[in-house]
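Undergrad: So the chains spell out like this:
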Amino acid sequence: MSYGDRIREVIEGSDVAVFMKGTPQFVMCGNSNRALEALRRAGAPVTAVDVLPDPQIRQDLSAISGWPTIPQVFVKGELVGGADIVEELEQTGELERTLRDKLGEEFAAAREERAVSLV
Amino acid sequence: MTTEPLRTLLERAFPDATELDVVDRTGGGDHFQVVVTAPSLDGLTLVDQHRRVYDALSAPLADGTIHELRIKTKGAR
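Which chain is which? The protein sequence lines are A and B, in order. Mapping the first sequence onto the working numbering, position 74 (from 1) lands on 74, and the numbers just tick up by one. Mapping the second sequence onto the working numbering, position 76 (from 1) lands on 76, and the numbers just tick up by one.
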């Protein structure tokens, strides 16, 4: 079974989608944590998908995104990058600008974190 | 793995690099940080710049030699 359709659904249907190791409540990897913390500092709403329950999730995700590593952050369906890029963009203020451009001025007002399970 | 094979792969992919650095972050030979500054990265988004690094290191990434990779890229401008 392929997770492709459901992965695409999350990417296309979420303001900010994060594919990570673990959940926002229990992060299982340093890089996933770096990306998540940068998103939190920028005030981003987050829809998180844990890739750990099935290695196939990660394979199908990378086939779709063409990005080999975890985490992967998408804003309005577009790949923003992994932990290094998201951290860099947060430090320069570029991440907040992107969020404002794509989600609107009030993007942080309804800030929430939700975890979506694909298994 | 030592940093040398990775450096060679990156030098091949970025012959114009003005800065090219590979650091073994933990000393364990599988957590690396690479820094690449090159004119050929000019005008590319960060995502595309990092893709160029991933492409250069696709073999050691695919076979698990690189467990974790941190990337810092810049164009020359």
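Keep in mind that the hints were calculated from the coordinates and are not lab data. All values derive from a computational prediction rather than experimental measurement. Misleading hints may appear alongside valid ones.
[What the hints assert, rightly or not] Cβ-to-Cβ under 8 Å is the rule here; a few derived chain B residues that face chain A:
| no. | residue |
| --- | --- |
| 1 | V22 |
| 2 | L46 |
| 3 | V47 |
| 4 | H50 |
| 5 | R52 |
| 6 | Y54 |
| 7 | L61 |
| 8 | E68 |
| 9 | R70 |
| 10 | I71 |
Just so you know, even glycine gets a beta-carbon here, dropped at the ideal spot from N, CA and C.
Undergrad: For every hint, state whether the structure bears it out.
TA: Now for the hints, and whether the structure bears them out:
1. V22: This interface hint is violated because 15 Å lies over the 8 Å limit.
2. L46: Because about 5 Å separates L46/B from the closest Cβ in chain A, which is inside the 8 Å limit, the hint holds.
3. V47: holds (5 Å)
4. H50: Interface hint status for H50/B: holds (6 Å vs cutoff 8 Å).
5. R52: violated (12 Å)
6. Y54: holds (5 Å)
7. L61: Status holds, d = 5 Å.
8. E68: holds (7 Å)
9. R70: Because about 6 Å separates R70/B from the closest Cβ in chain A, which is inside the 8 Å limit, the hint holds.
10. I71: This hint holds: I71/B lies near chain A, its Cβ roughly 5 Å from the closest one there, short of 8 Å.
Consistency note: the structure conflicts with the earlier hints numbered 1 and 5.
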